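The numbering of the sequence shown is full-length UniProt numbering, which starts it at 1 and goes up by one.
No lab work stands behind these hints: they were computed from the structure.
Estimated spans, in silico, between C-beta atoms of each pair:
1) PHE142 to PHE118: 30 to 38 Å
2) PHE74 to CYS365: 48 to 56 Å
3) THR584 to ARG672: 22 to 30 Å
4) THR584 to ARG347: 27 to 35 Å
5) ARG285 to ALA410: 36 to 44 Å
6) CYS365 to LEU447: 24 to 32 Å
7) ASN598 to LYS640: 12 to 20 Å
8) LEU530 to GLN68: 45 to 53 Å
9) ASP438 to ILE104: 27 to 35 Å
10) CYS370 to LEU447: 15 to 23 Å
11) THR444 to CYS370: 19 to 27 Å
Listed next, the in silico DSS-like pairs over lysine-lysine satisfying Cα-Cα at most 30 Å (straight line):
12) LYS595 to LYS639
13) LYS665 to LYS639
14) LYS665 to LYS595
15) LYS344 to LYS355
16) LYS641 to LYS226
17) LYS226 to LYS604
18) LYS595 to LYS640
19) LYS728 to LYS710
20) LYS76 to LYS665
21) LYS58 to LYS595
22) LYS435 to LYS295
23) LYS595 to LYS226
Fair warning: this is a prediction, and the values are worked out from it, not measured in the lab. All C-beta atoms in this analysis are idealised placements derived from N, C-alpha and C, irrespective of residue type, glycine included.
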Amino acid sequence: MSTNHLRNGDAEPLLRQTLLSSSQRSIVNSTSQVAIVGVNVSPIESLDYEMFENEFFKQDWRSRGQVQIFQYIFMKWLLCFLVGMIVSLIGFCNNLAVENLAGIKFVVTSNMMLERRFQLAFFIFFVSNLGLTLFASLITAFIAPAATGSGIPEVKAYLNGVDAPGIFTVQTLVVKIIGSITAVSSSLLIGKAGPMVHTGACVAALLGQGGSKRYGLSWKWLQFFKNDRDRRDLITCGSAAGMAAAFRAPVGGVLFALEEMASWWRSALLWRAFFTAAIVAILLRAMIDLCLSGKCGLFGKGGLIMFDAYSASISYHLVDLPPVFILGVIGGLLGSLFNLLLSKVLRIYNFINEKGTIFKILLACVISICTSCLLFGLPWFTSCRPCPPNPSEPCPTIGRSGIYKKFQCAPNHYNDLASLIFNTNDDAIRNLFSKNTDDEFEFTSMLIFFVTCFLLSIFSYGVVAPAGLFVPVIVTGASYGRIVGMLLGKNSDLNHGLFAVLGAASFLGGSMRTTVSLCVIILELTNNLLLLPLIMMVLFISKTVADAFNGNIYDIIMKAKGLPYLETHAEPYMRQLTVGDVVTGPLQTFNGIEKVRNIVFILKSTGHNGFPVIDEPPMSEAPVLFGIILRDHLLTLLKKKAFISSPGATSGAVFDNFAANDFAKKGSSKVRLRIEDIELLEEEMDMFIDLHPFTNTSPYTVVETMSLGKALTLFRALGLRHLLVIPKISSRSPVVGILTRHDFIPEHILGLHPFLVRKAGKILRF
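The task is simple: from the sequences and hints, build the whole structure.
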C-alpha cells in the first residue's frame with residue numbers, strides 16, 4: 001500500500017502545486033487519501049472495476065438462466081432510456097427557469113431604464129443578482145458542497161476509478177439543479193453545460209444503484225447492477241446525456257463522453273451512449289416545439305438550448321486561411337493563459353475557503369457585487385449608435401433579448417456594448433454569432449467586452465455554487481473572434497459573425513483541448529456543416545499551440561484538487577523503476593482459514609481494502625498465494641457469523657447462508673458497513689472463518705522486476721484497484737506487496753526516489 005504524499009524536503013516544491021496543504025495529506029500508509037471534492041477536503045478511495053471472481057460469484061452466475069440474462073441486458077437499455085428521459089426533462093426545466101428568471105430581471109430593469117429611473121434600475125439589477133447568488137451559495141455550502149463547480153473533474157475522476165464521496169447523492173443532484181439555475185440567472189459569467197454533465201452522471205448513478213433509501217426513493221426492480229463496472233458504464237451514458245441536453249448536441253455529447261470523460265470505452269457502450277443521447281434530442285425537440293407556441297413564458301423565443309445563429313450559406317477561399325490560422329494561434333495562447341490564471345485564482349480561493357463557510361459565501365457575494373457593477377456600469381462609457389436603416393429586428397430592442405439594446409440611449413439609438421454585456425450569456429452568444437452585423441458593434445465596445453468576459457469567467461468559476469466553463473469560454477472566444485474579424489476583415493471575405501464562431505472554437509480548443517467532440521458540438525450549435533473544414537483547422541492549431549504550455553483545464557483542476565487520476569501514458573522516469581521500487585509495507589495477509597480475532601484486529605488497525613490470502617502448511621506443501629479477499633466481504637462474513645469451531649475446510653453448504661446481494665458492491669451514496677458496527681462475543685472471537693470460497697483465486701499479478709510504466713499500463717487498462725506483486729525467485733513469502741492507484745501517482749514515486757525530481761521536473765505538468 002502507498003500514500004499520496006511527498007516525504008522529502010527536495011520534493012516539497014512539487015507539493016505546493018496542488019490546492020491541498022501538506023497538513024491535509026495523509027502521512028501514514030493507508031489506502032484512504034484526501035482530495036478536494038467540491039470545496040471541501042474529503043477522504044477518497046478507489047473503485048473496483050475488476051469483476052471479483054470467487055467461488056460464490058461463479059456459482060451465482062452458473063445458476064442464472066436465459067431469462068435472467070435477458071433481464072440483465074434489458075435493464076441496461078431500460079436504464080439508458082430512463083436516464084435520457086430524466087436528463088432531457090431536467091435540461092428543459094433548467095433552461096426554462098433560467099430564461100424566465102433572467103428574463104424577468106432584465107425586463108423589469110429595462111422598463112426602469114425606459115422611464116429614466118436609472119438608480120432604481122441599478123438597485124433592482126444589483127439586489128436580484130446578489131439574492132440569486134446568495135441563495136445558490138447558501139444551499140451549496142450548507143447542503144451539498146460537492147455540487148460546487150462544474151462537476152466534470154469529479155465525474156471524470158470517478159470514471160477513471162476514483163470514488164469521491166458525495167458527488168452522486170440526492171442532495172448533490174437537487175442542489176446542482178437549483179443552484180445552477182439561480183447562479184446562471186444571477187448574471188455571473190458561468191455556464192450550465194458542466195453542471196448538466198454532472199447532473200446527468202448523478203441521475204445515472206442513482207438509477208444504477210436503485211435510488212436512495214435515505215429519502216424513500218428506492219426501487220427493488222432497479223437494484224440490478226451490483227458492481228462498479230456496470231454503474232460506470234451507465235454514468236458514462238449519463239455524462240453524454242448531460243452534454244447533449246446542455247446544447248441539444250446529441251452526437252457532440254457522445255463524442256465528449258468518449259474523448260474527455262471516459263477512461264474505458266467499447267462498442268457496446270458507444271451504442272448505449274448514442275441511444276441515451278438520441279432520447280435526449282427527441283424529447284428536447286418535442287418540448288421546444290411546445291414552447292414555440294408561446295406557452296413557456298419568455299422561453300422559446302430565443303431558442304436558448306440551440307443557438308442556430310449562423311445557418312447562412314458561406315463561401316471561403318485560400319485567401320481566408322491566414323486569418324483563420326491567426327485565430328487558432330491566438331486561441332491557443334489565450335487558452336493556455338486562461339488555464340494558468342484560473343489555476344492561480346483557484347489556489348487563492350481555496351485559501352479563503354479554508355477559513356470557513358462564511359468566507360465562502362462572502363466570496364461569492366463579492367464576485368456578484370463586482371459583476372453587477374461592471375455589467376451595469378460599463379455600457380455608460382460607450383457612445384450610443386443610431387439604428388441601421390433596415391435592421392433585421394426592431395431597433396431599439398424593447399425587452400430582454402435582441403441586438404439593439406436601448407439602455408440609456410435616446411429614441412432610435414442603441415448601445416452596442418449593452419446588447420452584449422447587459423444580457424444573458426446565451427443571448428450574447430447569439431448576437432455575436434449573428435450574420436450581417438459587421439457594422440453593429442464598435443471596436444472599443446468589443447474590446448471592453450472581451451477583457452470583461454475573460455476576467456469575469458476566471459474569477460466567477462471558483463465561487464461556492466454550481467458553475468460551468470463552456471459558455472463563458474464560448475462568449476470570450478466569440479468576442480475576440482469578432483475583434484480579429486474587425487482587424488483582418490478587409491483582407492477576407494468572411495464576415496464578423498463567422499469570425500466569432502471560429503474564435504469561440506479556437507478558445508475552446510486552447511482551454512479544453514478536445515477536438516473531435518468540440519468540432520461536432522459547434523456544428524450542432526450553429527447548424528451549419530459548411531463550417532466543418534474551418535473549425536477543424538482552428539481547433540487543431542489552437543490545441544497544438546496550447547499543449548506547448550500546459551494541460552487542459554479539467555486535468556489541471558483535477559490535479560489541483562488532489563484527485564489521483566491515472567493518465568493513459570506512463571512518464572519516462574517510470575521506465576527506470578520496477579514495481580518493487582515503489583511497493584511499500586507492511587503487508588497484511590490472511591491464512592486460508594483464519595481466526596476471527598486476527599481478522600477483527602487487522603480490520604481495526606488498518607484501512608486497507610484488499611488482503612492477500614496465503615495457504616501455508618498443512619494446507620499446502622509450501623506457502624502459496626491462494627488469492628485476494630476484499631474488506632467488504634470480510635465484514636459481511638463477520639456480520640453473518642460464518643464461523644467454524646475448528647480450522648477445517650467448509651462444505652459447499654456454506655453458500656446457503658448467503659445471497660448475491662450480501663456481496664453486492666454498495667453505491668457511492670450508500671452507507672457502508674464498518675468493523676465498529678459488528679458486535680461479537682468473546683467465544684466467537686476464538687472461532688475460525690474459511691476464506692477460500694470467498695477469495696478471488698485469479699487476481700492480476702506482476703513480477704517484482706516489471707517496469708513501473710508497464711504495470712501502470714496494465715493497471716489502468718484493466719481498471720484495477722489491486723495489483724499483487726510476486727517475487728521473481730521463490731522466497732519465504734509468495735507475495736511481495738500490493739500496488740494500488742496511489743503507487744502510480746508522481747508525488748508518491750518522487751517522494752520515494754527524490755533523485756528523480758530534477759529529471760522529471762521538465763516532463764511533469766502540474
